[in-house]
Amino acid sequence: EDQVTQSPEALRLQEGESSSLNCSYTVSGLRGLFWYRQDPGKGPEFLFTLYSAGEEKEKERLKATLTKKESFLHITAPKPEDSATYLCAVSLYGGATNKLIFGTGTLLAVQP
Amino acid sequence: DGGITQSPKYLFRKEGQNVTLSCEQNLNHDAMYWYRQDPGQGLRLIYYSQIVNDFQKGDIAEGYSVSREKKESFPLTVTSAQKNPTAFYLCASRRQGDKETQYFGPGTRLLVL
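Here the protein sequences come in this chain order: S and V.
Start counting at 1 in the first sequence, then tack on 947, and there's your number in this note's numbering.
Start counting at 1 in the second sequence, then tack on 1286, and there's your number in this note's numbering.
To be clear, the hints were calculated from the coordinates, so they are not data collected in a lab.
Here a beta-carbon is modelled for each residue, glycine too, at the ideal position from N, C-alpha and C.
Treat the hints loosely; a few may be bogus.
Which bits of chain S does chain V cover? Going by a derived footprint, with three or more residues having C-beta under 8 Å, they are [stated by the list, open to error]: (1) 985–991; (2) 1045–1058.
Calculated pairs, BS3-like style, for lysine-lysine (alpha carbon to alpha carbon, straight line, at most 25 Å) [stated by the list, open to error]: (3) V:Lys1357 / V:Lys1369; (4) V:Lys1295 / S:Lys1010; (5) S:Lys1016 / S:Lys1026; (6) S:Lys1016 / S:Lys989; (7) S:Lys1015 / V:Lys1357; (8) S:Lys989 / V:Lys1357; (9) V:Lys1343 / S:Lys1016.
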């Protein structure tokens, strides 16, 4: 069964304290891996797409990396405004839907 | 200003009532999706549509119905057959193509009275 697991479920950091969020996946054929940010009561906001192992993408304090089994979202020197739930999702080859399979998310709280 | 709009932001349903959630996009995207989000669970696919006048069931379609009469619009009806409708409903859209991204609307929270 295709599955996406995110860890930790929740993470509390002090402002400036760098850390990483993990997204591990067991799927039949990965087409792409997506990271989204979701604020309370709002829709997910697209951050990154990764397609092949070894690929990396950066945006401000965030950097996403991909291996054959997992992806990491590295947060460097976070600020309180980085507090949100970070969602990981995968799309698969072989399906016509391009549907996304989501993990349950990591709730990040950055304290000043 | 292109984007996806969902309305209403909050919706209250009485027992036995059908309610319809609106989703409109002006991004000229071909495919549209409806997901349901519950606490502690990942988003789950309800229905999707890749072209006008065609749609397919997702993983949890029971108790829901959709239509796709226009490219811009993909309304979702939560019927009385859906016994646990309380959730956050998210609409998404994407262009056709292998490496295209799904973009999400702001969501509708459905509550049962």
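Right, here's what the structure says about each hint:
| no. | hint | in the structure |
| --- | --- | --- |
| 1 | 985–991 | holds (count 4) |
| 2 | 1045–1058 | holds (count 8) |
| 3 | V:Lys1357 / V:Lys1369 | violated, 30 Å |
| 4 | V:Lys1295 / S:Lys1010 | violated, 32 Å |
| 5 | S:Lys1016 / S:Lys1026 | violated, 29 Å |
| 6 | S:Lys1016 / S:Lys989 | violated, 29 Å |
| 7 | S:Lys1015 / V:Lys1357 | violated, 36 Å |
| 8 | S:Lys989 / V:Lys1357 | holds, 24 Å |
| 9 | V:Lys1343 / S:Lys1016 | violated, 29 Å |
Figure legend: structure checked against the earlier numbered hints; hints not met, in rising order: 3, 4, 5, 6, 7 and 9.
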